[in-house]
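**Q** Once you have looked at the hints, place chains H, A and Z with the ligands on chain E.
The chain contents come next:
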Amino acid sequence: MKNGSKYSLDFERPLKELEKRIEEIRLFAEEKQIDMSEEIARIEEKARSLKVEIFKNLTPWQKVQIARHPKRPTFLEYIELIFDGFIELHGDRLYRDDPALVGGLAYLADIPVTILGHQKGRDTKENIYRNFGMPHPEGYRKAIRLMKQAEKFGRPIITFVDVAGAYPGKEAEERGQGEAVAKAIMEMTVLKVPIVVVITGEGGSGGALAIGVGDRILMLENAYYSVISPEGCASILWKDASRAAEAAEALRITAEDLLAVEVIDEIIPEPLGGAHTNPEEMAGTIKERILENLNAIIDLDPNELLTKRYQKFRRLGRYVEE
Amino acid sequence: MKNGSKYSLDFERPLKELEKRIEEIRLFAEEKQIDMSEEIARIEEKARSLKVEIFKNLTPWQKVQIARHPKRPTFLEYIELIFDGFIELHGDRLYRDDPALVGGLAYLADIPVTILGHQKGRDTKENIYRNFGMPHPEGYRKAIRLMKQAEKFGRPIITFVDVAGAYPGKEAEERGQGEAVAKAIMEMTVLKVPIVVVITGEGGSGGALAIGVGDRILMLENAYYSVISPEGCASILWKDASRAAEAAEALRITAEDLLAVEVIDEIIPEPLGGAHTNPEEMAGTIKERILENLNAIIDLDPNELLTKRYQKFRRLGRYVEE
Amino acid sequence: MFKDLFRSKQKYVTIRQREVPESALHATETVKKELPDGLWVKCEKCNQMIYHKDLVKNLKVCPKCQYHFRIGAWERINYLLDPGSFQELFANITSGDPINFPGYREKLEQVRKATELKEGVVTGVGKIGGVPLALGVMDFRFIGGSMGSAVGEKLVRIFEYAAEHELPVVTFAVSGGARMHEGILSLMQMAATCQALSRVAEKGLLYISVLTDPTTGGVFASFASQGDIIIAEPGALIGFAGARVIQQTTRQTLPPGFQRSEFLLEHGMIDLIVNRKELRNTLARLLRYHQRRKRVINQ
Amino acid sequence: MFKDLFRSKQKYVTIRQREVPESALHATETVKKELPDGLWVKCEKCNQMIYHKDLVKNLKVCPKCQYHFRIGAWERINYLLDPGSFQELFANITSGDPINFPGYREKLEQVRKATELKEGVVTGVGKIGGVPLALGVMDFRFIGGSMGSAVGEKLVRIFEYAAEHELPVVTFAVSGGARMHEGILSLMQMAATCQALSRVAEKGLLYISVLTDPTTGGVFASFASQGDIIIAEPGALIGFAGARVIQQTTRQTLPPGFQRSEFLLEHGMIDLIVNRKELRNTLARLLRYHQRRKRVINQ
Ligand SMILES: [Zn+2]
Ligand SMILES: [Zn+2]
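Residue numbers (this note's numbering), protein chains in the order written: chain E, 234 to 555; chain H, 234 to 555; chain A, -19 to 279; chain Z, -19 to 279.
Bound conformation, chain E alone:
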């Protein structure tokens, strides 16, 4: 376990407890010069199966907690691990540069691409600077600018989604948060270049969809994607935000649920214990999946690409036709 061991989630406690015991026994054995390697190996084996059991049977709410894990890799970390030669480009040319949404040029393998993603902070100070990864309208307008630029130069677009939601603030409303989100969605539906979307952590409603329209939608095993936060849903339905776990279940927000209704195309498996336990491995898998998906669409004629994209989002409703 490389990272994040000091932030443990509720459901990880038994495992953490066991791991701590193993460590104690190891120390005891060392100190007393007793050979306990066989016993230790047996408990370690036990710990491993406990871990598998926990992480292969996560409830939706537990996945939400992993998706929100403070040590979960952020966009900038993935950029470092997945892409080469990143040059960040700034600004919406209208009002402000929004640090909650990062964008720029990079190479994926040897393909020049435009990359865009929500950027959470990696500590409190950065979280304040990056507004906890929640963009203002100018973030989405920067995204629109860079996406249209990608189209101009025929570059594929890769987006990384990880956002609690578009920022709900006074100034964000004044500057047209709704308009910015809608415009970003509209533009993405007609961009004549391939778009691959990776939902890496939180897929929070319109703020996620605003950079989430594309030709291939990939989703990390423990990410979630929802029309409303489980807490918000519970508040409205049952006037009780603490019933969020229940709401998480009802809303069908896990990668498996979304694959079942074809909202996503593919689930990207995470290292056992979550992406934060091995960012390098995680990034390697993501890179491989993006490349395979991108290669499948990169040579499509733009009209065919757009027709397919249209059909993809066209058929996602589930209604009754009498």
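By construction, these hints were calculated from the structure, which means they are not laboratory data.
For glycine and all other residues, C-beta sits at the position ideal for the given N, C-alpha and C.
It cannot be assumed that every hint is accurate.
To give an idea of the chain A side of the interface with chain E (calculated C-beta under 10 angstroms), a few residues [stated by the list, open to error]: (1) 70; (2) 72; (3) 75; (4) 80; (5) 157; (6) 158; (7) 160; (8) 163; (9) 197; (10) 204; (11) 226; (12) 248.
**A** Just chains H, A and Z with the ligands now, with coordinates in the frame of chain E:
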């Protein structure tokens, strides 16, 4: 004289003086029941020729004063007199609606057009509301939005230029005044619909040009159009803003000067005494001139239109090629 | 500062607080059945008593203070369209319960009975001032005008219909946002409606979006904010996030008039505020401006 | 409040106040002629003394505080382009005196003599990191980098050349704005350069605009702010209106750092701030990103 008689300009004083005398004599004759009609007619004839002499020999600086006359008709007055069925459309969809730049839909005769213009206030209160007709970036961004909309629906665009300059303010700079002006210019060079520009009062530098690129550029007889205000020029060159009249001369800013270098296509004559002395007559002439110019280009193929527009602005430089 | 963010995401609550009395909300037809003509209604805003018949005659605009009561989709269609011109389309599309959401089926059944509506939007074609158009009119009484798969599908179909038949489109939005009972499928309707709208735009057809009280969340943040021309009724609540969410997330004080039509006009987000009584006339004029003429510029 | 507006429109004055010592402004070649190698230069910003040879070696960036001294067009070309790759174009285009402006002829003569430049911009083609490009580099010493007919024409020609030969374009802006000595013809160069740039854009070619100290007025408000990618040198003054005009018109207090590169980055107006010493490398990387590949998407 319908309007504006209480604001008289320096060079109008002899005329005003004479007109006052005539009125006095008329009153005297009436009171005393003496027939002085012949004498009055003779002085009135004298006044008329004085007026012709003054207004046909205006210096550039005097024209600047007429162009800035507080009673000079503004865009909204012209809309009322020239167009039918005006519907004002608001907002840049980004930040704010700028009352210093008015835009919307109207009929010119029976042709649906998009109209845009700088809007000065007609009294102090309105001047504050309209920022003395000096747009912020959002004014130019509204103009861009409405012009692109006109293009979408194949509507000709008519713009009315009357601005001291794009507003030089802290917030205007923060929100990218330069970018907004440049973008408006760029868009106008490629809009696939006919554009007729009418410079009605002040043509103040970039703030004027931002809605001043078009296929036909018409200019009122006493309007001015300049790269810098005469005061600004005098300040820089001679460190003395009071030498503005001299600068006005040097800068070649009158309609005649501009016609000579082909920056404008046509001079629209004003009623004797200036547009403000008879707005109805002025508006009638403007309407006729716009219609004739628009009709000459409205059926052009867009590619031909754009090629001609390109050539028009392409050949305006005067340089030495060795 | 942010820890309450999710706890407080109560998009619907604000709206419910402002809900006008059931009696005033119902479509004319329905109201007539329920209320004797002599009944009085209290104005939400000025608190004055209005004779119900007068309120209905005044298109549910308070004659004293111009407060715009919410009205139903059919009421709108009746007063807006040229008499007899409306032809409903896609009425056979209704909500299922795609993710087996607790209580959704019952909710749907109950709302359908109470409103006599089949779904949260009525779509069709008709004429205003003689100009043919495609139309989508939402109804707040149907689960807060929320956009689920059926609402989204009906809007997509009417946009596609307009693109195919070269008709201008007008929508009347009234919505608390997405319909959470359909989970992510509801969110996807934002993309579906936007992309269908792109087809309308590609054909160079006019799209007028009329925002009424309230238009928030996923409906404002998709098709409703993307009109070529955007009109709002006076005093309508329009925005992305609800005031309560904003206050709980940011602890900011919100100024009076925040997220109202007048606020949006000032902030450049809408073109016009039009009183309901003028709406028919304004729409007719705007549609006429965009009728295709012989003298059109070929692009 | 506004009565001083015109009185105060002194675009050039602000810039002149900030002018660095003549000695530091001159192009390397010129400086060498005038200054013995052992001379010391005082840094504008940190007031430290810098050995002149060190300053030149450091591309006129203060080794102590990173202050970027202004440099001439040829200096830039020399350090930026692959050695021997630059080929000047349109050098035969120079300013006349089209409106007989008082003192303009004398001014031109004097500037040409002092700077050994023929005009305020040098245009041509060359390579950076092996990638061919079209180039326009302004020089502040030529009447404050002001844009008259000749500067405009040279830029228009290089943009047209780039469109025709499918080359990316890079411009280096340094300008107090329009050249008022040419009156309205100077203003028209804003339109001329912008429309020529549209041709570059229509061909899908990259345009990188580099803003250096200062880039203001009509140059910023035309081609220079319309780059696909906009780069600024650190601490450069960039804006539309001069600080003095703003203060005299509005009586507003301007914050420290107002209209500097860092301010523009924060306000979303530029993509990147790049130290002069990194510029060559950054440009090479950006150009390489935009080299046309076989795998390009056909639009
Ligand atoms: Zn009332
Ligand atoms: Zn220094």
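**Q** All hints, please: hold or fail.
**A** Do the hints match the structure? See the list:
The closest approach between the C-beta of residue 70 of chain A and any C-beta of chain E is roughly 9 angstroms, which is under the 10 angstroms cut-off, so the hint is satisfied. For residue 72 of chain A, the suggested interface contact is upheld, since its CB lies about 4 angstroms from the closest CB of chain E, less than 10 angstroms. Against a cut-off of 10 angstroms between C-beta atoms, the interface hint on residue 75 of chain A holds, since the closest Cβ of chain E lies about 6 angstroms away. For residue 80 of chain A, the interface hint holds, the least distance from its beta-carbon to any beta-carbon of chain E being 8 angstroms, beneath 10 angstroms.
Hint status for residue 157 of chain A: holds, given a least beta-carbon distance of 8 angstroms to chain E, under 10 angstroms. Contact between residue 158 of chain A and chain E, as hinted, is supported at the beta carbon level, the nearest pair being about 5 angstroms apart and thus within 10 angstroms. The criterion of a C-beta within 10 angstroms of any C-beta in chain E is met by residue 160 of chain A, whose closest approach is roughly 5 angstroms, and the hint holds. Hint status for residue 163 of chain A: holds, given a least beta-carbon distance of 5 angstroms to chain E, under 10 angstroms.
The beta carbon of residue 197 of chain A comes within 8 angstroms of a beta carbon in chain E, closer than 10 angstroms, and the hint placing it at the interface holds. Evaluation of the residue 204 of chain A hint against chain E yields a held restraint, the C-beta minimum of about 8 angstroms falling below 10 angstroms. Interface hint at residue 226 of chain A: satisfied, since its Cβ lies 5 angstroms from the closest Cβ of chain E, which is below the 10 angstroms cut-off. Annotation: residue 248 of chain A was flagged as interfacial toward chain E, and the flag holds, the nearest CB pair being 8 angstroms apart, inside 10 angstroms.
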